[in-house]
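Start from chain A and add chain B according to the hints.
Read off the chains here:
There are 2 protein chains.
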Amino acid sequence: MSADLPVSPLAPKAFPDLPVIGGVRFATAQAGVKYKNRDDVMLAILDAGTTIAGVFTTSKTRSAAVLDCEDKIGGGSDDPAAILVNSGNANAFTGKSGFESVKRLTGTVAEATGAPQNRVFTSSTGVIGEALPDDRITAQLDALVSDMSNAALPKAARAIMTTDTFPKGSSQVVKTANGPVTIAGIAKGSGMIAPDMATMLVYIFTDAMVEQSALQSMLGSLTDKTFNAITVDSDTSTSDTLLLAATGASKVDVTHDPAFRDALHTVMLDLAHQVVRDGEGATKFVAVTVTGASSDEDAKLHAKAIANSPLIKTAIAGEDPNWGRVVMAIGKSGGDADRDRLSIWFGDILVAENGWVASSYSEEQGATYMKQQDLKIRVDLGLGGCETTMWTCDLTHGYISINADYRS
Amino acid sequence: MSADLPVSPLAPKAFPDLPVIGGVRFATAQAGVKYKNRDDVMLAILDAGTTIAGVFTTSKTRSAAVLDCEDKIGGGSDDPAAILVNSGNANAFTGKSGFESVKRLTGTVAEATGAPQNRVFTSSTGVIGEALPDDRITAQLDALVSDMSNAALPKAARAIMTTDTFPKGSSQVVKTANGPVTIAGIAKGSGMIAPDMATMLVYIFTDAMVEQSALQSMLGSLTDKTFNAITVDSDTSTSDTLLLAATGASKVDVTHDPAFRDALHTVMLDLAHQVVRDGEGATKFVAVTVTGASSDEDAKLHAKAIANSPLIKTAIAGEDPNWGRVVMAIGKSGGDADRDRLSIWFGDILVAENGWVASSYSEEQGATYMKQQDLKIRVDLGLGGCETTMWTCDLTHGYISINADYRS
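Chains as they are written, first to last, in this note's numbering: chain A, 40 to 447; chain B, 40 to 447.
A few of these clues could be false.
Each pair may be met inside one copy or between any two copies, as identical chains are not told apart.
Taking lysine-lysine and the DSSO-like style, the derived pairs with C-alpha atoms no more than 30 Å apart in a straight line are [as the list claims (entries may be wrong)]:
| hint | residue 1 | residue 2 |
| --- | --- | --- |
| 1 | 99 | 264 |
| 2 | 142 | 415 |
| 3 | 415 | 135 |
| 4 | 73 | 410 |
| 5 | 415 | 99 |
| 6 | 264 | 73 |
| 7 | 290 | 194 |
| 8 | 415 | 111 |
I should point out that these hints are in silico values taken from the structure, not numbers from a laboratory.
So here's chain A without its partners, still in its complex pose (with noise of 0.2 Å):
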């Protein structure tokens, strides 16, 4: 539980002040789904005219929320719609019985709110395996939809939280061709919530006017160097959840604005950022760079190698300059690569290069620079013009920890 866990020493020092969107509003409430004395659902209504677009899990065992959220995006989008989302509980893999608490939740949902049922989309975090006590949650919704504001985004973001150590927000104000537009997102994860895997949750709001299938592009080619680009472990959840709303409050069109696409980029960049901030036991953010692939798909698996790589990991958390593990990654990636074209860089330090170690470097300078909290690795592999960037943190004690704790 997050309350037994310290705040991550790569935490921002403050959750950031975040704007109201028009066309948004929040509540959240105690159920006590498994937490007690702290919010643990939330509930945000959107106006009629807002469009929604959606990314999730690619996990082939998606829970019955992800799998309900998927059939609801790119939908018409006339009606108000609606987001609840409850920790403590994932619904995942709980048979029949986790379609139906889908069911019941959005129904009543629908009902509370006036937005219809194929408008209401649900998340869940949390233990998997156990049906979800979901009249629990629908026992709070009278209490939700009249306390409902607009400027309840940062209580949404805390009531989402499952292990994490902060809460996670992020906001951008645009000047676009059309005018101004705001916008503003919360994220969890990924914290791991005893028993279960890491889930990261995320939920965007703009007044900004949008057609949906511009939208879930939009969406869909930024997740591809946020959400996608980061990452904890290796390892999967089957809640993963990204939903981005624009309810064109601002009555400001941003269809093919290039300045709104960047701060949608910018939000998402951050918040992802914070779920690595938030890795479990982290006290290492590092970012791994991989340039001169022969292909983007190389330049990620190479940069994938080496995120996810335990001994690149272990190696940074005990603050070893160990560049031959850099080495191995790229050999075991599955990509091009040649040995004798390789350089490595830590920081702007040249480690590696023309398949040795560098003449300039040195081990007290790689030394002295992973002391940092921050890190930088890059790879230049010398085969052509394609690169990528992923982010992750370092593995320590701190993981196996969490990870290994019994629960109860």
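Same frame as chain A, now just chain B:
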């Protein structure tokens, strides 16, 4: 260094009695490549007529010695052959210097033993990125050659150790259709040697007569079910080497003998299991079996996802019967899966079926089972007839301690 590490709790009670193999002699010496006061070089000399098969790391950054061995496999067998192995320095990612070291070593061994240079195989394991002081090894060659003995295989098993906590050996005496033959092998790994990745080296000798191409094909297919079916931390060494030498001293041709193949499989599986049992920090030995897969490739994808999942491996370390994490791994593996057809067993205990926890399962049963040192996780996908088994160990604080320590 191995001297600092306690012997793995999963180690066999004693090193086995290894039979003498006709046609091959061994010697070991203290070259002082890195370790002091222990043997760190082994030499094997094989009689003329010996056929040699080999399997090597698939790493794209493989070491000079590996590249040299690969080139030499498949040549004629009329002449004597030799295998030279050192511990303490991997001679990997050492640029041109690495190839020059290998040339000097194989040339000097050829002179000292009478084996032609294209029949001299070398392996190096240890520190990466440092030039191999091969002169310290060649300085010992005359002493090695004058000390050769057909009974020194157990000493060789110790000389090739790095951070292994116990030497690894296995043997079989087989009654084949054409008469009795003997197989004996040694291995090292996957103890980590600061500052490098785990490296697995395996040398197996038999007095059987087998034509080289048949030997190679047998070795390749048995490797898939043994050394390629184990994982400690998903990282792949630049130096993994498996050599199988058939001296033919028994005059018994076993080229198509199923009993020989079975016995070789037994020796390889035993050595592979010993490598897992010496995994860094391991306290549990785990067999992961996937049945009911649509294809062999899918069975492997799922088994690998389970065996490499940090969340499953930490749960096992914590003796937590966390079947939800098995569902997660199946979901993320990339192989075909249908959540509602999955069944999961811990040992003989049915844990989950029909998309939910099994009605007969109790958490107490699972928790009691997980206290055992040797564990079995089985998943039936309910999709087809393909299956596979992989072996792994748990992920503990010991792994972090061993691998996060700064090199010194």
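Evaluated hints:
1. 99 - 264: both (23 Å within a copy, 26 Å between copies)
2. 142 - 415: neither (46 Å within a copy, 37 Å between copies)
3. 415 - 135: between (46 Å within a copy, 28 Å between copies)
4. 73 - 410: Between copies only: 27 Å across chains, 39 Å inside a chain, cut-off 30 Å.
5. 415 - 99: Close across copies (23 Å), not inside one copy (33 Å); limit 30 Å.
6. 264 - 73: neither (34 Å within a copy, 44 Å between copies)
7. 290 - 194: Within one copy only: 27 Å inside, 80 Å across.
8. 415 - 111: neither (40 Å within a copy, 40 Å between copies)
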